[in-house]
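2 protein chains.
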Amino acid sequence: MASTYIDMETLKFLLHKVHDLESVLKNDRFEDHDKESLDMFLDSVKEFSDRELFPYFKEMDETPAHHKDGTVIVHKQVDVMMKKGGEMGLIAAPFDYEAGGLQIPFMVHTAATYIQDAANNHLPGYAGLTQGAAELIVHFANKELNDAYVPNMLSGQWGGTMCLTEPQAGSSLSDIVTKATPTDDGHYKLNGQKIFISGGDYQYVENVVHLVLARIEGAPAGTKGISLFVVPKHRIKENGDLEFNDVTTVADFQKMGQKGYCTTHLGFGDADDCKGWLVGEANQGLKYMFMMMNGARIGVGRGAAAIAMAAYQASLQYANERPQGRKLQSSGKKNPEEGQSLIIEHPDVRRMLLLQKSIAEGSISLILLASRYQDILESSKDEEEKKKAKLLLEILIPMVKTFPSEAGAQSVNTGLQVLGGYGFCEDFILQQYYRDIRIFSIYEGTTGIQSQDLLGRKVPMENGKALQLLSSEIMETIGKASNHNDLAPYAKKLGGKLKLAQEVIGSLMQYAQKGNYERYLADANLFMEFLSHITISWLWLDMATHAKVSLVSGDKTHSEEFYESKIHAMKFYFKYELTKTTSLAETLMDSETLTVKTDQEVFI
Amino acid sequence: MASTYIDMETLKFLLHKVHDLESVLKNDRFEDHDKESLDMFLDSVKEFSDRELFPYFKEMDETPAHHKDGTVIVHKQVDVMMKKGGEMGLIAAPFDYEAGGLQIPFMVHTAATYIQDAANNHLPGYAGLTQGAAELIVHFANKELNDAYVPNMLSGQWGGTMCLTEPQAGSSLSDIVTKATPTDDGHYKLNGQKIFISGGDYQYVENVVHLVLARIEGAPAGTKGISLFVVPKHRIKENGDLEFNDVTTVADFQKMGQKGYCTTHLGFGDADDCKGWLVGEANQGLKYMFMMMNGARIGVGRGAAAIAMAAYQASLQYANERPQGRKLQSSGKKNPEEGQSLIIEHPDVRRMLLLQKSIAEGSISLILLASRYQDILESSKDEEEKKKAKLLLEILIPMVKTFPSEAGAQSVNTGLQVLGGYGFCEDFILQQYYRDIRIFSIYEGTTGIQSQDLLGRKVPMENGKALQLLSSEIMETIGKASNHNDLAPYAKKLGGKLKLAQEVIGSLMQYAQKGNYERYLADANLFMEFLSHITISWLWLDMATHAKVSLVSGDKTHSEEFYESKIHAMKFYFKYELTKTTSLAETLMDSETLTVKTDQEVFI
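Protein chains in written order, with UniProt numbering: chain A, 1 to 604; chain B, 1 to 604.
Hints in this document: simulated from the structure, not taken from any laboratory. Heads up, some of the hints might be wrong.
Given that identical chains are not distinguished, each listed pair holds provided it fits within a single copy or across any two copies.
Derived DSBU-like pairs (lysine-lysine); straight-line CA-CA distance at most 30 angstroms [said to hold, decoys possible]:
#, residue 1, residue 2
1, 580, 492
2, 493, 388
3, 493, 580
4, 333, 387
Could you put the whole structure together from the sequences, leaning on the hints where they help?
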């Protein structure tokens with residue numbers, strides 16, 4: 001069993017050196033925090049994760065959450081996550097003081113949750129969804145709902161969920177049919193079914209507060225007729241006691257991974273006695289939900305990045321301990337009289353580990369950058385800076401959600417291979433990471449949906465302004481890297497890829513201009529992969545440049561080996577991953593159309 | 001639950017039309033067989049698989065094989081697989097009449113086992129390894145051992161295994177330490193531990209005959225000192241009764257997938273009473289094992305190809321039944337008043353299904369081609385033809401084992417994505433295929449080992465003769481395809497890729513010529529992927545050409561839609577997969593060295 005799950009030094013390097021947390025701290029919102037206090041907070045989260053999360057990771061897989069007697073039975077550490085986590089402020093931390101929070105930067109909240117995710121990805125979601133539900137109430141609901149629900153949610157006494165998906169409406173939210181009927185008493189009566197509800201019910205909280213998308217009778221068809229409701233499992237009586245609100249737990253989905261994180265099927269109003277309270281205005285539900293969506297998508301990317309990191313640590317440990325095979329001599333033969341090498345000495349194993357490392361660290365760098373933009377949006381007083389951060393966040397978000405999920409899964413797959421036959425065995429942890437990470441490409445909008453968002457909405461938004469801003473940021477890094485002789489060739493390569501991106505987009509735009517949107521978006525998935533490689537290469541060049549500057553200036557925060565290893569990983573990503581954009585561009589610019597439905601039957 | 005697992009029409013198209021089974025049947029060895037009788041055999045295997053294998057597939061995952069009271073308890077269908085399968089001749093079929101076989105072509109044996117693998121990949125291995133073990137005895141052991149063991153193995157009364165791996169020696173067979181001590185009675189005494197032994201022990205057979213690699217005391221170090229032994233779990237007494245031979249079942253590995261296919265840890269001679277009988281000559285064990293290895297590696301590729309096919313069938317069925325979302329209008333919007341589309345109408349879903357189809361069908365085409373070469377080797381009287389088949393088989397084998405395993409896993413991954421959230425749930429079968437197929441990149445030499453074999457041994461073999469032959473075969477197909485206007489552009493593209501392959505090899509050879517074998521082989525994995533894409537594209541062009549010829553000539557064996565769909569899938573493979581070779585070549589020809597160990601610490 002692996003004994004480590006995270007590289008804290010790299011996390012702090014990214015947080016402080018590369019993504020400059022200190023500059024964010026200058027905003028008034030964070031005046032009570034400084035680097036030292038926040039590092040201490042992260043260290044305490046690491047200590048909590050070492051003690052309460054990581055030791056139970058395998059056990060939670062072996063004792064899946066399950067439906068029993070009308071509720072869901074989960075592992076006892078869920079109780080610890082909610083109650084102790086609540087006490088430590090893990091749920092409340094990023095909220096305003098006013099709402100009971102600590103006003104810590106979102107970057108730090110991200111880093112803290114990343115540590116927890118890496119330790120045991122089955123647990124932080126319980127707190128995270130509670131947080132997300134509370135956030136919707138804080139931002140959009142009236143004072144009464146805030147006072148009634150938020151304090152118990154932030155303390156971890158009550159859970160919270162987001163109820164979007166229905167059996168007939170997976171990715172297609174416009175087809176939601178859960179019904180909300182107004183009553184004279186100010187509340188609505190809810191009727192419907194919701195599926196795939198993470199953290200939907202469990203024995204350790206007194207109440208679960210569901211944020212439910214539903215359609216008020218007579219509302220317009222499609223996404224414009226969807227409203228948001230607070231629907232607790234137990235409603236609060238006038239005297240403060242709780243009473244059952246006709247929210248029933250129909251089932252708990254049994255899954256291939258994340259078995260300790262329950263995924264429920266809920267019924268609302270089976271006995272026609274389910275009350276819901278409208279959040280904000282009618283028919284604005286999807287808008288509210290989507291105003292929270294960037295945070296949720298950063299959360300998904302973060303979880304996947306964390307699993308990729310934990311898997312890398314486990315593979316690295318194995319490769320450092322396992323003897324197998326021998327070095328090739330210059331004769332091309334091996335000498336059987338010689339002792340076996342550790343497998344980390346074999347080039348192919350090093351290639352696999354470097355792939356894991358460059359994807360895992362590249363992913364968390366992307367996540368922290370997005371979190372930084374989120375912080376600027378929430379705390380800066382400079383409208384220009386905020387506008388820029390907003391657009392950059394918008395174009396990055398689909399990649400933030402997708403790259404760690406897709407490339408992360410690929411890196412865990414590679415990490416399993418490092419262990420050979422043992423990687424497939426339950427005695428080793430890689431196979432669990434392999435199963436767990438697979439859901440991240442599906443959560444919160446599949447890769448297909450994210451890709452359509454990127455190419456269909458984000459690239460064209462404000463006449464391509466977001467993409468232009470991203471290009472300028474990349475050019476700025478290219479400029480800085482070019483000052484160093486050994487980085488200049490990589491800077492030049494990345495510059496070439498930016499030009500290639502323009503060509504690709506120009507080529508695709510022809511379809512959009514002709515009104516052929518189906519064709520325009522047909523290869524959106526490939527475009528996602530293409531632009532993600534460029535983005536991650538940018539972030540690696542940025543990391544390498546920071547490392548180089550530290551080396552040159554004699555900054556001793558980290559060792560020389562540490563800085564050099566970042567430069568090495570950048571080179572690896574450029575040679576083995578960024579190169580993939582050449583082929584992707586070739587396919588994207590190929591005018592042949594093979595995936596748009598025609599009269600020809602192709603699946604025979 | 002999916003109701004289909006295979007496309008029999010495509011299998012027969014490949015067998016008869018593309019890979020021309022009839023021409024193989026002309027050899028004397030197969031004189032008792034004809035197309036009709038062999039098709040009937042395949043149909044009976046399909047019927048057996050429908051009834052006895054497929055219905056138990058999920059159940060076998062849910063009730064894993066496990067160690068209990070010194071043996072391994074497996075699902076009851078293992079008994080059916082061995083006994084009924086044995087009766088049907090599924091184990092004996094490819095053997096000589098003399099050994100009790102039916103002398104069916106290996107191509108047909110491959111097709112028959114492929115059907116079983118697709119129906120339930122947890123079962124055919126029990127018969128397959130018994131077959132492999134019997135084959136070693138038939139080819140290399142004396143008459144006494146043949147008479148004593150082979151008949152009961154071919155009938156499925158007794159099982160058989162191959163015992164190679166030891167705890168300290170996974171991929172590195174030169175480090176085997178299991179000891180064989182000669183006795184005066186002609187047999188040896190065996191002492192040692194073997195792990196990862198598929199089908200190593202189970203309650204449904206009276207005996208398991210292990211073919212064990214061990215080192216005779218005083219034998220040379222490394223691979224040159226390894227001998228092969230027959231070591232039954234129960235030895236045969238003079239009166240024919242069985243007596244325990246001190247082969248103990250220490251454990252059954254619990255795995256992420258293929259849970260119904262047991263994987264044991266065996267101890268030999270714990271009580272110093274384990275007898276083994278030498279097969280052939282001393283110190284020739286690894287040579288014998290490797291003479292059977294091509295067949296074994298075809299078997300692994302076949303299993304992975306079958307899972308990829310079954311997963312494709314399941315995804316296709318779901319996509320044809322599941323409504324979700326709407327078609328994009330020329331305004332770029334969707335109309336919510338419109339009914340939902342079936343997901344198979346969305347371009348991105350079609351892209352995913354076409355990826356599955358092109359990988360699954362390309363894989364089985366490769367497997368059948370290799371099986372055809374195997375048939376020529378075993379049955380042709382034309383020495384020139386045999387020599388050519390031998391070399392072609394040698395260069396293809398690493399790809400035969402690896403492409404279906406690696407690309408197959410990727411295609412199953414894509415297939416799971418087609419189902420969205422349901423793909424991750426145990427109620428749907430995709431997640432099982434996803435877990436099951438993951439072992440194939442590890443079985444019988446990992447992808448890393450296969451890639452070293454391809455670039456390190458097969459490419460340079462006989463001064464590049466095997467590769468030259470492969471190129472000539474590809475050129476021949478290019479020539480035929482060029483006769484058809486609509487195929488000519490693809491033929492030309494493939495020709496360009498052949499030239500690119502020469503450049504890549506030329507570039508890599510510089511390292512080998514300088515004696516820098518570590519660097520030469522450092523990116524062997526990428527070369528594997530590179531050459532595999534070219535090979536599979538060749539096979540797709542070949543399929544498309546056969547389809548085209550059938551269309552032109554009005555051959556009604558299959559429908560016009562069927563032929564057109566093959567041409568369409570070829571185009572898809574060329575546009576979306578063959579293009580990847582551009583980037584792979586770029587990386588392979590990049591002179592930067594990043595994965596060979598130096599003094600610089602890169603994993604920090």
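Evaluated hints:
In this assembly of identical chains, residue 580 and residue 492 lie within 30 angstroms of each other by CA distance both inside one copy and across copies; the values are 17 angstroms within and 23 angstroms between. In the homo-oligomer, the alpha carbons of residue 493 and residue 388 lie at most 30 angstroms apart inside one protomer (26 angstroms), although the nearest pairing across protomers, at 44 angstroms, exceeds that limit. Taking the shortest alpha-carbon separations for residue 493 and residue 580, both the intra-copy value of 13 angstroms and the inter-copy value of 19 angstroms come in at or below 30 angstroms. Only between protomers do residue 333 and residue 387 lie at most 30 angstroms apart by alpha-carbon distance; the minimum there is 27 angstroms, versus 61 angstroms within a single protomer.
Of the numbered hints given earlier, the model fails none.
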